[in-house]
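Here's the letter readout for the chains.
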Amino acid sequence: MSDGHSTDGMDLNALRDGVRTVLSEQASHEKVAAFTNAEGVRDQPLWSQAAELGWLALFADEAHGGLGLGPSELAVIYEELGRAVAPLPVLGTMLVVEALARGGDADQQAAWIPRLAAGELAGAVSMLAPGAPAPTLTLSTGPGSGVVLDGVVENLLDGAAADVLLLLAREGEGLRWVLVEPAVDGVTVEKAATVDRTRHLGVARFERVVLPAGRVLTGDADEIAQALLHHAALALASDARGGANAIFEITLDYLKTREQFGKPIGSFQALKHRCADHKIALVASGVLVAEAVAKAASGDSAAGRYALAAKALASEVYARVAQDAVQLHGGIGYTWEHPCHLYLKRAKLNEQLFGGPAAYLDGVTDLLLAAA
Amino acid sequence: MSVQTATNPSTATRRFDPLARKDDLDAFRAEVRAWLEAVVPADWRARMTGASEADYVAFQRWWFAEMGKVGLATPHWPRDWGGADIGIRHQVIIFEEIARAQAPNPDMFVISLYHLPATLFGNGSKTQRDRYLTGVKERGEVWCQGFSEPGSGSDLASLRTRAERKGDVYVVNGQKVWSSYGAFADYCLLLARTDPTAPKKQAGISYFILNMKAPGVTVRPIRQATGQAEFCEIFLDNVEIPVSDLIGEENAGWAIAQSTLSAERGLIIFELSERMARTLDADLADAKRTDAAWLKDDEARRAFTRAYNDMVALRLMIRALMQEIETDPHMGSTTMPTYIKVHFSELLRRYTEFRLKLGGLSGQLRQPIILGGGHQTGNAMHDFLLSYAWTISGGANEILKTMIAERALGLPR
Ligand SMILES: Cc1cc2nc3c(=O)[nH]c(=O)nc-3n(C[C@H](O)[C@H](O)[C@H](O)COP(=O)(O)OP(=O)(O)OC[C@H]3O[C@@H](n4cnc5c(N)ncnc54)[C@H](O)[C@@H]3O)c2cc1C
Numbered sequence: 003m004s005d006g007h008s009t010d011g012m013d014l015n016a017l018r019d020g021v022r023t024v025l026s027e028q029a030s031h032e033k034v035a036a037f038t039n040a041e042g043v044r045d046q047p048l049w050s051q052a053a054e055l056g057w058l059a060l061f062a063d064e065a066h067g068g069l070g071l072g073p074s075e076l077a078v079i080y081e082e083l084g085r086a087v088a089p090l091p092v093l094g095t096m097l098v099v100e101a102l103a104r105g106g107d108a109d110q111q112a113a114w115i116p117r118l119a120a121g122e123l124a125g126a127v128s129m130l131a132p133g134a135p136a137p138t139l140t141l142s143t144g145p146g147s148g149v150v151l152d153g154v155v156e157n158l159l160d161g162a163a164a165d166v167l168l169l170l171a172r173e174g175e176g177l178r179w180v181l182v183e184p185a186v187d188g189v190t191v192e193k194a195a196t197v198d199r200t201r202h203l204g205v206a207r208f209e210r211v212v213l214p215a216g217r218v219l220t221g222d223a224d225e226i227a228q229a230l231l232h233h234a235a236l237a238l239a240s241d242a243r244g245g246a247n248a249i250f251e252i253t254l255d256y257l258k259t260r261e262q263f264g265k266p267i268g269s270f271q272a273l274k275h276r277c278a279d280h281k282i283a284l285v286a287s288g289v290l291v292a293e294a295v296a297k298a299a300s301g302d303s304a305a306g307r308y309a310l311a312a313k314a315l316a317s318e319v320y321a322r323v324a325q326d327a328v329q330l331h332g333g334i335g336y337t338w339e340h341p342c343h344l345y346l347k348r349a350k351l352n353e354q355l356f357g358g359p360a361a362y363l364d365g366v367t368d369l370l371l372a373a374a
Numbered sequence: 007m008s009v010q011t012a013t014n015p016s017t018a019t020r021r022f023d024p025l026a027r028k029d030d031l032d033a034f035r036a037e038v039r040a041w042l043e044a045v046v047p048a049d050w051r052a053r054m055t056g057a058s059e060a061d062y063v064a065f066q067r068w069w070f071a072e073m074g075k076v077g078l079a080t081p082h083w084p085r086d087w088g089g090a091d092i093g094i095r096h097q098v099i100i101f102e103e104i105a106r107a108q109a110p111n112p113d114m115f116v117i118s119l120y121h122l123p124a125t126l127f128g129n130g131s132k133t134q135r136d137r138y139l140t141g142v143k144e145r146g147e148v149w150c151q152g153f154s155e156p157g158s159g160s161d162l163a164s165l166r167t168r169a170e171r172k173g174d175v176y177v178v179n180g181q182k183v184w185s186s187y188g189a190f191a192d193y194c195l196l197l198a199r200t201d202p203t204a205p206k207k208q209a210g211i212s213y214f215i216l217n218m219k220a221p222g223v224t225v226r227p228i229r230q231a232t233g234q235a236e237f238c239e240i241f242l243d244n245v246e247i248p249v250s251d252l253i254g255e256e257n258a259g260w261a262i263a264q265s266t267l268s269a270e271r272g273l274i275i276f277e278l279s280e281r282m283a284r285t286l287d288a289d290l291a292d293a294k295r296t297d298a299a300w301l302k303d304d305e306a307r308r309a310f311t312r313a314y315n316d317m318v319a320l321r322l323m324i325r326a327l328m329q330e331i332e333t334d335p336h337m338g339s340t341t342m343p344t345y346i347k348v349h350f351s352e353l354l355r356r357y358t359e360f361r362l363k364l365g366g367l368s369g370q371l372r373q374p375i376i377l378g379g380g381h382q383t384g385n386a387m388h389d390f391l392l393s394y395a396w397t398i399s400g401g402a403n404e405i406l407k408t409m410i411a412e413r414a415l416g417l418p419r
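These protein sequence lines are chains A and B, in that order.
For any residue, its number in our numbering is found by taking its place in the first sequence, counting from 1, and adding 2.
For any residue, its number in our numbering is found by taking its place in the second sequence, counting from 1, and adding 6.
Check before you lean on any hint, since a few could be wrong.
As the list claims (entries may be wrong) - Result set (DSSO-like, lysine-lysine): computed pairs, CA atoms no more than 27 Å apart in a straight line:
| hint | chain 1 | residue 1 | chain 2 | residue 2 |
| --- | --- | --- | --- | --- |
| 1 | A | Lys-350 | A | Lys-33 |
| 2 | B | Lys-294 | B | Lys-363 |
| 3 | B | Lys-132 | B | Lys-75 |
| 4 | A | Lys-265 | B | Lys-206 |
| 5 | A | Lys-265 | B | Lys-207 |
| 6 | A | Lys-347 | A | Lys-258 |
Since the hints were made in silico from the structure, they are not lab data.
Using the sequences and the hints given, assemble the complete structure.
Structure representation (structure tokens):
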């Protein structure tokens with residue numbers, strides 16, 4: 003998210019301020035803690051508010067009730083959600099919009115995008131990863147013009163909160179993306195609770211589930227998968243950037259006020275140097291994330307590599323800063339009551355979502371080698 | 007050694023003028039590239055490998071003069087002071103092309119090109135700027151920096167070299183140390199104490215131009231861990247400096263010294279980061295071509311890619327800084343250059359160590375050094391040793407981290 007204006011002319015700073023203000027009330031640490039303690043799957047008031055404010059419509063095109071904006075604006079939303087550790091399944095929903103925009107036919111786009119953009123439906127997609135193995139879900143032709151799904155899909159980010167799933171299935175030798183509406187299609191998505199309670203994973207099981215043929219996206223499945231992976235990488239990198247900066251600021255404030263040995267603990271050089279290291283890492287990963295977003299927005303040919311690199315670096319920095327934040331807070335940072343652990347858990351989950359650090363580094367290396 | 011005849015005779019006759027094409031970036035780049043192809047001797051690295059000091063100095067002077075002929079020695083200076091007043095996009099092109107051509111580093115002129123103008127632009131008198139900037143541009147005068155002393159490194163403000171006003175001159179006594187290129191320097195940017203009774207140690211320091219040929223100046227090279235003697239001790243024994251060579255006001259030297267130090271963290275690293283980018287790309291291409299074993303070693307391969315990502319981030323930080331400077335020539339940020347210096351130097355240390363590990367036992371064999379070859383010559387143990395230069399000098403990283411914590415993050419002293 004280059005600061006200032008995106009190419010479409012949206013004032014990104016104003017967008018950021020607006021989103022931050024709303025989240026500071028609707029997703030305050032107290033509210034997030036209450037949501038996580040209640041073990042919910044979706045924070046409905048927060049979701050409705052996001053829909054009302056048009057956050058979910060930013061990315062969809064204008065013909066389908068959206069604002070037709072791009073990665074720069076979305077990154078602002080992702081980053082602010084990360085700052086607030088907000089429990090909001092925006093990523094899955096936007097991924098479904100992206101897949102439909104790229105690989106859906108006109109009917110599919112008209113049927114689904116407006117409802118996703120309006121927040122009527124939340125989405126979840128198969129967990130992709132750089133170089134991930136092929137799915138076990140299979141798609142075959144069924145009775146009449148329908149199709150049949152068989153198999154188990156694990157690791158659906160926020161899957162139990164979703165009204166529509168977009169799943170990668172194997173069809174003969176090839177791959178297909180399929181839309182499933184759990185409530186309508188009689189599929190239950192079980193929640194697999196993660197230690198990070200602001201999100202969860204879902205498991206969907208299919209035993210000869212029959213769907214209309216119109217649920218299969220016509221576009222090239224690999225191309226869609228790659229676009230979704232890059233989108234997810236940028237989203238998680240932005241989430242990491244926001245979260246890392248937020249927990250770092252909280253920690254700095256604490257170091258300035260907590261006193262031991264008769265002075266603020268932030269006056270101890272051993273701690274100062276760690277903070278300086280974190281700051282430099284935040285600046286370095288921050289400019290990389292911003293550039294990755296800018297390259298995605300401009301359709302640069304290196305955008306994919308930058309997205310993977312941004313996820314690798316930003317999630318690593320987030321984990322490092324969040325881990326040290328607990329140590330720098332001492333006992334209070336180790337309590338359930340303090341927000342430190344919310345950030346720490348989100349950071350550790352971010353590191354693994356849509357592929358772990360090694361997969362991202364290897365993905366970057368492969369692209370570098372291909373170009374070398 | 008006959009460096010003067012080193013250029014390719016078939017193209018040496020053509021006159022190159024990149025600055026005349028500066029309105030068209032592509033044409034500008036093409037001209038810089040054509041000039042470099044014509045002028046950089048293909049075998050300069052071989053000739054500078056294990057070269058004598060005299061040959062090194064002659065080659066440095068020759069290269070600086072060649073750069074000067076096409077206006078590319080001092081293009082970053084403002085036009086009024088003999089530069090070309092070019093913008094960041096031109097600077098990027100110059101550094102990219104220099105890195106691409108693997109042209110020599112004009113090491114010996116680093117203080118002349120960066121520290122001297124950064125000091126004189128804001129604080130020098132017109133006479134000083136005319137005399138000394140012209141001297142660099144037209145006569146290739148070499149400068150060194152006389153800040154550090156045996157008892158005053160990180161705590162620079164405690165320096166003890168004394169300057170006493172006697173009529174039209176200051177009489178200077180004391181000792182400086184670690185002065186890079188001191189043995190070849192014509193002049194020195196000198197800090198000395200003019201008021202030992204000032205209540206704050208920073209308040210009693212003045213900033214001088216020292217003529218290294220003046221009576222009473224003795225220079226003694228110090229051999230470094232690399233085996234080279236790039237820096238020197240400077241002994242000052244009743245050296246007379248004319249009052250006209252005081253920079254700024256008496257006792258105002260400390261603040262001026264900050265502008266000198268800021269130079270160290272800007273454009274210099276810009277050039278080095280372009281060279282680093284080039285090296286990492288070349289190392290990877292090389293590994294691909296030779297199907298190097300480390301590509302199949304997960305730990306090594308990922309260490310490389312981590313370094314690569316950090317290098318990309320470094321270049322982006324530098325571009326952000328350059329943009330800031332372009333919108334506010336009076337240096338918007340003082341924090342970004344510090345982040346850049348620490349990030350760059352730690353990355354250089356890490357990457358040169360990575361290369362050294364790949365070298366295994368054979369990487370430990372003594373190899374001749376390419377003088378003026380920069381920080382990533384491929385001589386792994388030498389590059390590794392040289393990388394300390396950037397974590398220690400220009401403000402040791404520990405000092406800079408304390409500075410970041412206190413000034414940028416607001417942590418209490
Ligand atoms: C290659 C090279 C070239 C140089 N070129 C020049 C030059 O041209 N001109 C010039 O004037 N100087 C030059 N220097 C000197 C350089 O600026 C000093 O070495 C540097 O400022 C450190 O000072 P010192 O060597 O006295 O180390 P010290 O100040 O004694 O530091 C030793 C160690 O203690 C740490 N330390 C010191 N104080 C603190 C503190 N308060 N908190 C935490 N840690 C601390 C340092 O970070 C360092 O790790 C050069 C140095 C090198 C290595």
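Please name the hints from earlier in the document that this structure breaks, with their numbers sorted from lowest to highest. none
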